[in-house]
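**Q** Numbering-wise (full-length UniProt numbering), the sequence shown opens with residue 1 and increments by one.
No wet-lab data here; the hints were simulated from the structure. All C-beta atoms, glycine included, are put in the ideal place defined by N, C-alpha and C. Watch out, some of these pointers could steer you wrong.
[Said to hold, decoys possible] Computed list of lysine to aspartate or glutamate pairs in DMTMM-like fashion (alpha-carbon distance at most 25 Å, straight line):
| # | residue 1 | residue 2 |
| --- | --- | --- |
| 1 | LYS147 | ASP177 |
| 2 | LYS147 | ASP193 |
| 3 | LYS110 | ASP98 |
| 4 | LYS110 | ASP131 |
| 5 | LYS110 | ASP90 |
| 6 | LYS147 | GLU202 |
| 7 | LYS129 | ASP96 |
| 8 | LYS339 | GLU37 |
| 9 | LYS147 | ASP90 |
| 10 | LYS110 | ASP79 |
| 11 | LYS339 | GLU349 |
| 12 | LYS129 | GLU112 |
| 13 | LYS339 | ASP351 |
| 14 | LYS147 | GLU57 |
| 15 | LYS339 | ASP30 |
| 16 | LYS129 | ASP115 |
| 17 | LYS147 | GLU167 |
| 18 | LYS110 | ASP4 |
| 19 | LYS147 | GLU37 |
| 20 | LYS110 | GLU57 |
| 21 | LYS339 | GLU49 |
| 22 | LYS110 | GLU19 |
| 23 | LYS110 | ASP81 |
| 24 | LYS129 | ASP98 |
| 25 | LYS339 | GLU57 |
| 26 | LYS129 | ASP90 |
| 27 | LYS129 | GLU105 |
| 28 | LYS110 | ASP96 |
[As the list claims (entries may be wrong)] For each label pair, taking beta carbons as the anchor points, the in silico distance ranges come out as:
| # | residue 1 | residue 2 | range |
| --- | --- | --- | --- |
| 29 | ASP96 | VAL160 | 29 to 37 Å |
| 30 | GLY97 | ALA26 | 14 to 22 Å |
| 31 | ASN185 | ARG56 | 41 to 49 Å |
| 32 | SER118 | SER182 | 36 to 44 Å |
| 33 | ILE150 | GLY206 | 14 to 22 Å |
| 34 | SER175 | PRO316 | 51 to 59 Å |
| 35 | PRO322 | ASP96 | 51 to 59 Å |
| 36 | VAL94 | GLU349 | 43 to 51 Å |
| 37 | GLU49 | ARG142 | 21 to 29 Å |
| 38 | GLY117 | SER182 | 33 to 41 Å |
| 39 | THR353 | ASN185 | 54 to 62 Å |
| 40 | GLU254 | ASP133 | 56 to 64 Å |
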Amino acid sequence: MNLDSVVRARRRIAQVQAEYVRELAAVAADSGVGDGEQVTAELAVAVAESEHVVRRELAWARQLATRLPYTLRALSGGDIDLPKATKVVDQTTVLDGDSAGRVDEMIAGKLEGRDAGSIRRIAYRAVHKVDPDGAAVRAARRREDRKVQILHREDAMATVTASLPAEVASATYASLDRMARSARNRGDPRTMDQLRADTLAECVIGRSGDHAGSGRAEIYVHIDLPTLMGLADNPAELAGHGPIPAPVARQIAEDPTSTWRRVVTDPLTGTPLDVGRKRYRPSKAVADYVKVRDRECRFPGCHRPAEYVDLDHVTPHGCDGPTCAANLIGLCRHHHVVKHTAGWQFELEPDGTLHITTPRGARHTSRPPVELCDGVSSGERRHAVLDGNGPNGGVGGRRARKRRRRASRCRSEQGSSAAFGASGGSGSKQGSRAGTH
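Throw the hints in and build the complete structure from the sequences for me.
**A** Below, the structure written as structure tokens:
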């Protein structure tokens with residue numbers, strides 16, 4: 001066992017990371033005033049990374065190259081790696097250039113041999129020594145930045161985080177823990193972690209984590225008909241999240257708050273051809289179709305669910321671009337703005353294939369995320385879309401039975417197949433803001 005070789009290899013990785021940081025800093029320096037977002041978008045496409053990651057790395061590079069020369073020198077020498085260097089960047093972001101330089105000089109020589117957590121604490125203490133009066137100001141600013149976020153994970157799970165004032169977060173957790181312990185003392189067999197999580201869900205949407213369903217917010221679950229009927233176990237897909245197991249999708253479908261909507265798909269490709277229009281005014285039909293087709297923002301690397309996007313004319317309406325599915329794509333508000341900046345070119349084919357050319361000439365092609373299920377013949381491919389709504393629209397409800405009878409007639413039509421979907425709930429108001437632009 002040669003540990004020295006491992007250490008040397010790790011130092012070489014850090015030195016390459018330093019070179020990467022300098023190249024990023026050069027790109028940031030070359031971009032003109034007001035071009036930052038466009039450079040970020042184009043670089044994200046070039047390196048096949050999300051804009052959030054690219055924006056963060058560009059910020060790191062600017063800080064290290066212009067404000068933290070000692071930390072960058074430690075990275076170049078292999079004394080620390082990039083994740084450790086970013087701990088210093090994160091702590092000094094709140095300071096002006098001179099103060100950040102003083103912190104950088106103060107901690108120089110103290111970083112080698114330290115883990116990332118220790119480096120963060122060293123930098124944090126140095127920041128307080130350099131700028132003790134700024135602590136209260138920064139605390140007030142951070143409280144203004146309180147927010148809730150969702151992080152989608154594997155195995156049909158997601159994590160919701162809330163950034164709150166420390167005393168509010170502590171009181172919230174203590175309250176959840178108290179309610180969970182009360183349920184535990186009454187003989188509830190769930191673990192304390194499960195009870196705290198389920199109690200939080202019950203407080204917000206009226207149902208716990210072990211009872212699947214969409215609550216009142218609108219969500220879309222795409223599932224093929226054989227899987228929905230229990231004849232197959234192909235993965236379904238939760239829009240904005242990704243694949244979910246067939247049993248989980250069927251559990252959502254059987255929830256009494258789910259409603260159904262017919263979707264007609266191409267029997268060979270699975271591409272949606274039509275979306276049931278009875279629930280919506282005719283002017284909403286095209287918007288519904290594009291949302292079902294695209295599922296997410298069509299910009300590379302963006303996974304914002306389609307119910308929260310703008311519908312944008314690929315050929316501008318002012319240039320005689322028609323308002324139809326063959327000329328509309330879903331883009332989140334940020335990428336809607338990017339599309340209309342100078343140099344970007346978007347082309348849409350009738351089947352939904354999108355070609356994007358960046359200002360520097362790089363070309364990216366993507367197709368709508370229609371996933372055909374293995375083991376299902378082309379004549380049997382049928383997709384469903386489910387989401388939360390009132391009790392009359394459930395799987396066993398009167399409306400659902402009527403829709404299934406209509407879909408049965410649709411299955412006999414040549415060249416198409418029937419599918420069902422659901423929509424509605426109070427959360428649909430938010431989704432309905434995605435107007436045609």
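**Q** For each hint, tell me whether it holds in the structure or not.
**A** Evaluated hints:
1. Of the supplied pair hints, the one linking LYS147 and ASP177 holds, its CA atoms being roughly 22 Å apart against a limit of 25 Å.
2. Restraint check: the Cα-Cα separation between LYS147 and ASP193 comes to about 23 Å, which is no more than 25 Å; the hinted pair holds.
3. Under the criterion of a C-alpha separation no larger than 25 Å, the hint pairing LYS110 with ASP98 is consistent with the structure, at around 20 Å.
4. Using a Cα cut-off of 25 Å, the hinted pair LYS110 and ASP131 holds, with the two alpha carbons roughly 20 Å apart.
5. As the CA atoms of LYS110 and ASP90 are separated by approximately 17 Å, the hinted pair is consistent with the 25 Å bound.
6. For the suggested pair LYS147 and GLU202, the alpha carbons sit about 20 Å apart, so the restraint of at most 25 Å is met.
7. In summary, the hint linking LYS129 to ASP96 is supported, as the alpha carbons are separated by about 14 Å, within the 25 Å threshold.
8. About 11 Å separates the Cα atoms of LYS339 and GLU37, which keeps this hinted pair within 25 Å; it holds.
9. Restraint check: the Cα-Cα separation between LYS147 and ASP90 comes to about 19 Å, which is no more than 25 Å; the hinted pair holds.
10. For the hint pairing LYS110 with ASP79, the CA-to-CA distance comes to about 10 Å; that is within 25 Å, so the pair holds.
11. A distance of roughly 17 Å separates the Cα atoms of LYS339 and GLU349; the hinted pair therefore holds under the 25 Å criterion.
12. Taking the CA atoms of LYS129 and GLU112, the gap is near 21 Å; set against the 25 Å cutoff, the hint holds.
13. Taking the CA atoms of LYS339 and ASP351, the gap is near 20 Å; set against the 25 Å cutoff, the hint holds.
14. About 22 Å separates the Cα atoms of LYS147 and GLU57, which keeps this hinted pair within 25 Å; it holds.
15. The hinted pair formed by LYS339 and ASP30 meets the criterion: a straight-line CA distance of about 22 Å does not exceed 25 Å.
16. This hinted pair checks out: LYS129 and ASP115 have alpha carbons roughly 22 Å apart, not beyond 25 Å.
17. The suggested pairing of LYS147 with GLU167 holds, with an alpha-carbon distance near 15 Å, which does not exceed 25 Å.
18. Using a Cα cut-off of 25 Å, the hinted pair LYS110 and ASP4 holds, with the two alpha carbons roughly 22 Å apart.
19. A threshold of 25 Å between alpha carbons decides the hint, and for LYS147 with GLU37 the separation of about 23 Å falls inside it, so the pair holds.
20. Note on LYS110 and GLU57: the hinted pairing holds, with a Cα-Cα distance of about 24 Å set against a maximum of 25 Å.
21. About 18 Å separates the Cα atoms of LYS339 and GLU49, which keeps this hinted pair within 25 Å; it holds.
22. Between the alpha carbons of LYS110 and GLU19 the distance comes to roughly 22 Å, so the proposed pair stays at or under 25 Å and holds.
23. As the CA atoms of LYS110 and ASP81 are separated by approximately 14 Å, the hinted pair is consistent with the 25 Å bound.
24. Only pairs whose Cα atoms come within 25 Å are accepted, and LYS129 paired with ASP98 is accepted, the gap being roughly 14 Å.
25. Proposed proximity of LYS339 and GLU57 is supported: the alpha carbons are some 22 Å apart, at most 25 Å.
26. A distance of roughly 16 Å separates the Cα atoms of LYS129 and ASP90; the hinted pair therefore holds under the 25 Å criterion.
27. Between LYS129 and GLU105, the direct Cα distance comes to roughly 13 Å. Compliance with the 25 Å bound is thereby established for this hinted pair.
28. Proximity of LYS110 to ASP96 is assessed by CA-CA distance (about 22 Å); at most 25 Å being required, the pair is judged to hold.
29. A hinted range of 29 to 37 Å holds for the C-beta pair ASP96 and VAL160, which are about 35 Å apart.
30. The hint said 14 to 22 Å for the Cβ distance between GLY97 and ALA26, and at roughly 19 Å that hint holds.
31. In this structure, ASN185 and ARG56 meet the distance hint of 41 to 49 Å, their C-beta atoms being roughly 45 Å apart.
32. Between SER118 and SER182, the C-beta spacing of about 39 Å keeps the proposed range 36 to 44 Å intact.
33. About 18 Å separates the C-beta atoms of ILE150 and GLY206, a value consistent with the hinted range of 14 to 22 Å.
34. Evaluation of the 51 to 59 Å hint for SER175 and PRO316 yields a pass: the beta carbon distance comes to about 52 Å.
35. Against the hinted window of 51 to 59 Å, the Cβ-Cβ separation of PRO322 and ASP96 comes to about 53 Å, which satisfies the hint.
36. Remark: the range hint 43 to 51 Å for VAL94 to GLU349 is upheld by a beta-carbon distance near 48 Å.
37. With their beta carbons about 27 Å apart, GLU49 and ARG142 fall inside the hinted range of 21 to 29 Å.
38. Hint check: GLY117 to SER182, Cβ distance near 35 Å, so the stated range 33 to 41 Å holds.
39. Between THR353 and ASN185 the C-beta distance comes to about 59 Å, which sits within the given range of 54 to 62 Å.
40. Our hint of 56 to 64 Å for GLU254 and ASP133 holds, since their Cβ atoms are close to 59 Å apart.
When each numbered hint is compared with the structure, no violation occurs for any of them.
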